[in-house]
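Asker: Chain residues, written in single-letter form:
Protein chains: 2
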Amino acid sequence: MPHSLLGKRVLVTGANGFLGSRLCAALTAKGATTAGLVRTNPGPRAFLLARDFSNIENILTEFKPDAVVHTATRSTAGRTADELGDMIRSNIEFPSHLLLAMEKQSIRHLVNCSSSWQAINGDRFEPFNFYAATKQACEDIITDFTHRGLRSISFRLFDSYGPDDTRGKILQLVVDAVLGQRPLQMSPGYQKLALVHIDDICRAFEQALLRLDNQTVPAHEIFSVCSASLVTLRELVIMVEGITGLRASIEFGARPYRPLEIMDPRTTYPLIPGWAPGIDLEKGLRDCIAASRRSRSRHVNG
Amino acid sequence: MPHSLLGKRVLVTGANGFLGSRLCAALTAKGATTAGLVRTNPGPRAFLLARDFSNIENILTEFKPDAVVHTATRSTAGRTADELGDMIRSNIEFPSHLLLAMEKQSIRHLVNCSSSWQAINGDRFEPFNFYAATKQACEDIITDFTHRGLRSISFRLFDSYGPDDTRGKILQLVVDAVLGQRPLQMSPGYQKLALVHIDDICRAFEQALLRLDNQTVPAHEIFSVCSASLVTLRELVIMVEGITGLRASIEFGARPYRPLEIMDPRTTYPLIPGWAPGIDLEKGLRDCIAASRRSRSRHVNG
Numbered sequence: 036m037p038h039s040l041l042g043k044r045v046l047v048t049g050a051n052g053f054l055g056s057r058l059c060a061a062l063t064a065k066g067a068t069t070a071g072l073v074r075t076n077p078g079p080r081a082f083l084l085a086r087d088f089s090n091i092e093n094i095l096t097e098f099k100p101d102a103v104v105h106t107a108t109r110s111t112a113g114r115t116a117d118e119l120g121d122m123i124r125s126n127i128e129f130p131s132h133l134l135l136a137m138e139k140q141s142i143r144h145l146v147n148c149s150s151s152w153q154a155i156n157g158d159r160f161e162p163f164n165f166y167a168a169t170k171q172a173c174e175d176i177i178t179d180f181t182h183r184g185l186r187s188i189s190f191r192l193f194d195s196y197g198p199d200d201t202r203g204k205i206l207q208l209v210v211d212a213v214l215g216q217r218p219l220q221m222s223p224g225y226q227k228l229a230l231v232h233i234d235d236i237c238r239a240f241e242q243a244l245l246r247l248d249n250q251t252v253p254a255h256e257i258f259s260v261c262s263a264s265l266v267t268l269r270e271l272v273i274m275v276e277g278i279t280g281l282r283a284s285i286e287f288g289a290r291p292y293r294p295l296e297i298m299d300p301r302t303t304y305p306l307i308p309g310w311a312p313g314i315d316l317e318k319g320l321r322d323c324i325a326a327s328r329r330s331r332s333r334h335v336n337g
Numbered sequence: 036m037p038h039s040l041l042g043k044r045v046l047v048t049g050a051n052g053f054l055g056s057r058l059c060a061a062l063t064a065k066g067a068t069t070a071g072l073v074r075t076n077p078g079p080r081a082f083l084l085a086r087d088f089s090n091i092e093n094i095l096t097e098f099k100p101d102a103v104v105h106t107a108t109r110s111t112a113g114r115t116a117d118e119l120g121d122m123i124r125s126n127i128e129f130p131s132h133l134l135l136a137m138e139k140q141s142i143r144h145l146v147n148c149s150s151s152w153q154a155i156n157g158d159r160f161e162p163f164n165f166y167a168a169t170k171q172a173c174e175d176i177i178t179d180f181t182h183r184g185l186r187s188i189s190f191r192l193f194d195s196y197g198p199d200d201t202r203g204k205i206l207q208l209v210v211d212a213v214l215g216q217r218p219l220q221m222s223p224g225y226q227k228l229a230l231v232h233i234d235d236i237c238r239a240f241e242q243a244l245l246r247l248d249n250q251t252v253p254a255h256e257i258f259s260v261c262s263a264s265l266v267t268l269r270e271l272v273i274m275v276e277g278i279t280g281l282r283a284s285i286e287f288g289a290r291p292y293r294p295l296e297i298m299d300p301r302t303t304y305p306l307i308p309g310w311a312p313g314i315d316l317e318k319g320l321r322d323c324i325a326a327s328r329r330s331r332s333r334h335v336n337g
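Read top to bottom, the protein sequences are chains A and B. If you want the numbering used here, it's the position in the first sequence, counting the first as 1, plus 35. If you want the numbering used here, it's the position in the second sequence, counting the first as 1, plus 35.
Please keep in mind that the hints were generated in silico from the structure rather than gathered at the bench. A portion of the hints provided could be inaccurate.
You can't tell identical chains apart in this list, so a pair holds if it fits in one copy or across any two.
DMTMM-like cross-link-like pairs, simulated, lysine to aspartate or glutamate; straight-line CA separation at most 20 Å [stated by the list, open to error]:
#: 1; residue 1: K139; residue 2: D121
#: 2; residue 1: K139; residue 2: D117
#: 3; residue 1: K318; residue 2: D211
#: 4; residue 1: K318; residue 2: E276
#: 5; residue 1: K204; residue 2: D322
#: 6; residue 1: K139; residue 2: D101
#: 7; residue 1: K139; residue 2: E118
Take the sequences, apply the hints, and build the full model.
Answerer: Structure representation (structure tokens):
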């Protein structure tokens with residue numbers, strides 16, 4: 036197995052997203068040449084994907100990646116036909132066309148983002164929602180392409196977090212509410228979270244890109260990107276209070292748990308060999324809170 | 036559990052297909068009121084589905100089915116972007132829209148056609164091809180909707196056969212070649228087939244419609260529609276020779292096995308309680324051969 040990403044050309048789908056943008060920066064810092072594949076707002080290092088996906092093969096021909104990292108994803112409530120269609124197109128149809136174009140261009144390495152929600156009971160497929168079913172479909176389709184020469188690693192991602200997260204995830208909502216001294220209505224709060232820092236997640240993806248060069252591993256491996264320990268939402272709030280020195284005004288139980296709420300995330304998929312999360316939640320939370328304070332101060336002063 | 040289909044209103048998707056058309060006739064014979072949902076050539080008892088699926092809810096409102104049987108399916112070689120898109124639209128997007136429309140109209144019973152190809156190793160998901168991956172996706176999406184009130188039975192179908200089969204399946208190809216005394220190029224022919232007669236399959240679907248009325252069974256059950264015994268392709272040819280009294284001119288080994296060819300079909304999914312295949316392969320083959328002879332004679336005389 037080569038021990039370096041130096042010179043490796045990596046195309047990252049969803050490069051404007053939380054994971055995609057951090058991953059581009061992390062891979063570039065390790066010496067890889069990255070380009071993004073995005074559906075809106077292409078920066079100087081990104082390709083704009085056509086609405087009907089028809090230009091994927093041209094993009095692959097132009098950038099000539101050694102590997103593709105597929106972080107692009109679409110999650111909606113799934114209550115309308117348009118929302119279902121959106122998720123099918125983004126989470127199933129787009130990766131299918133991507134895989135076909137990769138096959139035609141003999142690009143054989145894919146790192147894929149799956150979701151812990153695909154297996155609400157940890158050990159077998161039982162989707163949390165329609166989104167999770169579409170993510171499972173993508174993983175299944177990748178398995179089919181691995182019968183045709185592709186080599187892939189799929190990561191079942193748990194809860195990700197990090198500074199400057201604008202996705203509206205629960206950790207950031209708590210931090211914002213505490214710093215802003217605003218009330219927040221929540222579920223009873225006893226569900227456990229498997230929080231992994233974005234920098235740790237990026238290291239897992241680096242490890243996957245190296246591992247795909249090893250021809251002796253199975254063609255489609257599935258690994259978890261999961262934390263070593265779990266915290267309940269209530270414990271998380273107490274940690275944020277401790278770090279900020281501020282009292283939270285959280286109304287626990289003001290909302291019900293979501294249907295099928297995962298109270299105790301578990302998985303039977305192992306971590307990728309050579310990787311374990313390294314950033315302590317306390318340390319990671321301090322960074323997030325510091326970043327939020329800087330952002331708030333800019334908004335106040337700006 | 037009620038013991039009759041009398042008066043039950045059943046909408047059958049893919050009603051122009053081999054299974055769909057036989058099923059409509061079988062259910063009608065048992066006293067059910069059936070209507071088809073088709074994409075082309077709607078007969079007097081069928082609704083024409085809009086290309087964008089936008090009229091599904093109107094059709095449900097008009098026909099008011101108690102249950103839907105989803106036999107519509109699309110299988111292509113999956114080598115072009117158009118072929119992949121076709122299968123995604125037919126096997127994933129259409130059933131998703133159907134399920135959403137059923138949910139809105141409080142139609143809670145679905146019998147679904149899955150494929151034995153979803154599990155080439157019998158016991159776990161490993162798709163035979165892209166088609167099988169899309170069929171798995173449909174099953175996964177049904178599981179999601181069963182969390183939202185739907186009750187469903189999915190049948191993993193093995194090899195189906197019956198008189199007047201125009202699908203180009205291997206059994207009919209052998210019968211046609213032997214009756215027409217034409218040569219046929221084939222794989223080495225040692226793969227085993229799990230042949231189930233279409234009339235037996237229809238009875239399994241009738242059983243499923245009755246079972247869905249039983250509120251105590253799990254919300255999404257998966258059963259096999261598999262034969263009691265297996266025959267190799269070579270054994271099948273010998274049976275056809277015996278019944279017809281004609282020598283086949285089959286070049287075994289002129290073609291390779293397909294990639295991932297399933298040599299010994301197995302499954303861990305049980306048969307639906309109360310059902311077992313009843314039609315002996317010898318008897319079923321005689322019927323098919325007799326039907327083919329009648330058809331040939333009509334063509335010669337007509």
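Asker: With reference to the structure, classify each hint as holding or not holding.
Answerer: Checked hints:
Within a single copy, K139 and D121 get their C-alpha atoms only as close as 26 Å, which misses the 20 Å cut-off; across copies the closest is 19 Å, which meets it. Taking the shortest Cα distances, K139 and D117 sit within 20 Å of each other only across copies (14 Å), while inside one copy they are farther apart (31 Å). Only within a single protomer do K318 and D211 lie at most 20 Å apart by alpha-carbon distance; the minimum there is 18 Å, versus 73 Å between protomers. Within a single copy, K318 and E276 get their C-alpha atoms as close as 14 Å, which meets the 20 Å cut-off; across copies the closest is 77 Å, which misses it.
When the C-alpha separation of K204 and D322 is checked against a cutoff of 20 Å, the pair qualifies only within one copy, where the shortest distance is 16 Å, while the shortest distance between copies is 62 Å. In this assembly of identical chains, K139 and D101 lie within 20 Å of each other by CA distance solely inside one copy; the values are 14 Å within and 46 Å between copies. For a Cα distance limit of 20 Å, the shortest separation of K139 from E118 across copies, 15 Å, qualifies, whereas the shortest one inside one copy, 31 Å, does not.
Of the numbered hints stated above, none is contradicted by the structure.
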